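The listed protein sequences derive, respectively, from chains E and F. Position 15 of the first sequence, counted from 1, bears residue number 24 in our numbering, the numbering being contiguous throughout. Position 152 of the second sequence, counted from 1, bears residue number 159 in our numbering, the numbering being contiguous throughout.
These are calculated hints, taken from the structure and not from any lab test. Computed from a predicted structure; not experimentally measured. Among the hints, a few may not be true.
What the hints assert, rightly or not - Distance ranges between label pairs, derived from CB positions:
1) E:Leu-30 / F:Tyr-36: 16 to 22 Å
2) F:Arg-109 / E:Gly-55: 32 to 38 Å
3) E:Met-29 / F:Ile-99: 19 to 25 Å
4) E:Thr-40 / F:Ser-51: 23 to 29 Å
5) E:Glu-61 / F:Leu-185: 24 to 30 Å
6) E:Ile-33 / F:Arg-39: 43 to 49 Å
7) E:Gln-52 / F:Tyr-36: 40 to 46 Å
8) E:Glu-58 / F:Ala-169: 35 to 41 Å
Unchecked claim - Derived coverage of chain E by chain F (criterion: at least 3 residues anywhere in the stretch with Cβ under 8 Å from a Cβ of chain F; other residues may be distant):
9) 25-31
10) 38-44
11) 47-60
Glycine included, C-beta positions come from ideal geometry on N, C-alpha and C.
Listed below, chain by chain, are the residues.
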Amino acid sequence: MERGTRDGIHIRQSPPHVLMLTGIVVSAATTAVALAIVIRIYQLYGTIEESEIIEKGEGI
Amino acid sequence: MALQVIEHFPVFIVGLSMFLAYTMLLAGYLNRRLPFFMSLAWNSFCLICPVHIGARPHGGTYSILAGWVEAALGHRICCRCYECLPAGHSHIIDHIRLIYSRGNVRHEIEERKHVTFYVLVQLMACGFIRHNRTGDLFNMFIWLEIASLTAYALIAVAGGRALRPAYNYVIMGSIGALLLHLWSMWLIPSPELSISLT
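Just chain F, with the same shape it has in the complex (with noise of 0.2 Å):
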């Protein structure tokens, strides 16, 4: 089945996010204020996707990494309708949450820490917001990793009384996400069973 352009817009939102973060860190080297700039962009563009998606009349869209790998080595992504709901407003409370952020980040964060809390929040709302996207269940492992990671930077990014919190932080997230690819790894076997979450 041939896939349209439209159809690989859940890819291109978490290629490109993923892409977004790093571009952003080089980015902050030229203009402190430019990765909250970036950050606002792209969450407008990521905002309209869903609402499209959503409008699409077969229901949904199915992309396995833009159409060129098969599932087994790609990354498989589904975004149908009523998927499309939660979708839209995880993107509209990171919007909110990027705009009304902006001032206290200013006030709490020292200015040299700016460009670093911007990448990994960027970092970090891709993971959640992929998370929820994703077709089986070890790419919510690896989601979910991508997203606990970066939550553990940006907890050590405060430094010094932080840094304890977030070692702690560190091996509870790798008990459970350990927990969670067990049974990923558990169900991968079985000729009944499949991880697949669609």
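With the rest of the complex left out, here is chain E (with noise of 0.2 Å):
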């Protein structure tokens, strides 16, 4: 997927099985970040549930 050059260097596109690969790592990630602070939300307040966590949150 070549698209020309530019100072004298080949310029490619990146597959898109590599960007997939990719996007699919950074997902992991953030699903990893995501539910790190839901293990802590849930040992803080007891519950997932957002309208207890409201109601308890006034408190903490």
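With the hints as a guide, dock the two chains, each given alone in a separate frame, to form the complex.
Structure (structure tokens):
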């Protein structure tokens, strides 16, 4: 997937499967961060229901 | 075209600042003051690089994973003359932020969290600064994600009431990043369009 040259260097477009693989890795990392936050929320509030968290949140 | 060592500076800045962030974590176990001074030293080096690159007679640099792998598998970074000015500004702001935040960090953050704070801030600054130097839309997405994930973690480090906003930011940030990702994926198969930003 060559798209010409610039300053004498060939510029290539990354193939879609490379981008998809990177996208999967990034989404896994995002999920891990989200789950870590959810676990901390559960440890703090004892629930992951938003309405209960809002009720309990006023006291924290 | 053979690339000179000097032309790999943008790649060095990116690769080494990521490496430094993890080294700071290890150094923090030895001495809690070390991450601050490591970050300060690295930012001073980064501050010199854009000035040095900008002063080059040919205008700019164009590095492809230090010349080892072609752009198809490598990380493409461009740092031309006119891009050195915003890059330099980012580093100056980062430098000022680092120096003046030290007093606040001492007073507002628990001592046991100082190492985590400096490591996350270093990673976030790395993500944001590299974000404006990438050569294509997809790498922009990756750096944006690196900066975002560390920003979420930085909010969550405070604990307590900060956890719920941190989770909200994760959800909203992921939706935004997904749109950027879909956009870049949509441009790739097109013969006329390109994800290249150069």
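Going down the list of hints, with the structure as the test:
no. : hint                             : verdict
1   : E:Leu-30 / F:Tyr-36: 16 to 22 Å  : 33 Å, violated
2   : F:Arg-109 / E:Gly-55: 32 to 38 Å : 37 Å, holds
3   : E:Met-29 / F:Ile-99: 19 to 25 Å  : 38 Å, violated
4   : E:Thr-40 / F:Ser-51: 23 to 29 Å  : 36 Å, violated
5   : E:Glu-61 / F:Leu-185: 24 to 30 Å : 29 Å, holds
6   : E:Ile-33 / F:Arg-39: 43 to 49 Å  : 36 Å, violated
7   : E:Gln-52 / F:Tyr-36: 40 to 46 Å  : 24 Å, violated
8   : E:Glu-58 / F:Ala-169: 35 to 41 Å : 19 Å, violated
9   : 25-31                            : holds (count 5)
10  : 38-44                            : holds (count 4)
11  : 47-60                            : holds (count 4)
Going down the numbered hints, you'll see the structure goes against 1, 3, 4, 6, 7, 8, while the others check out.
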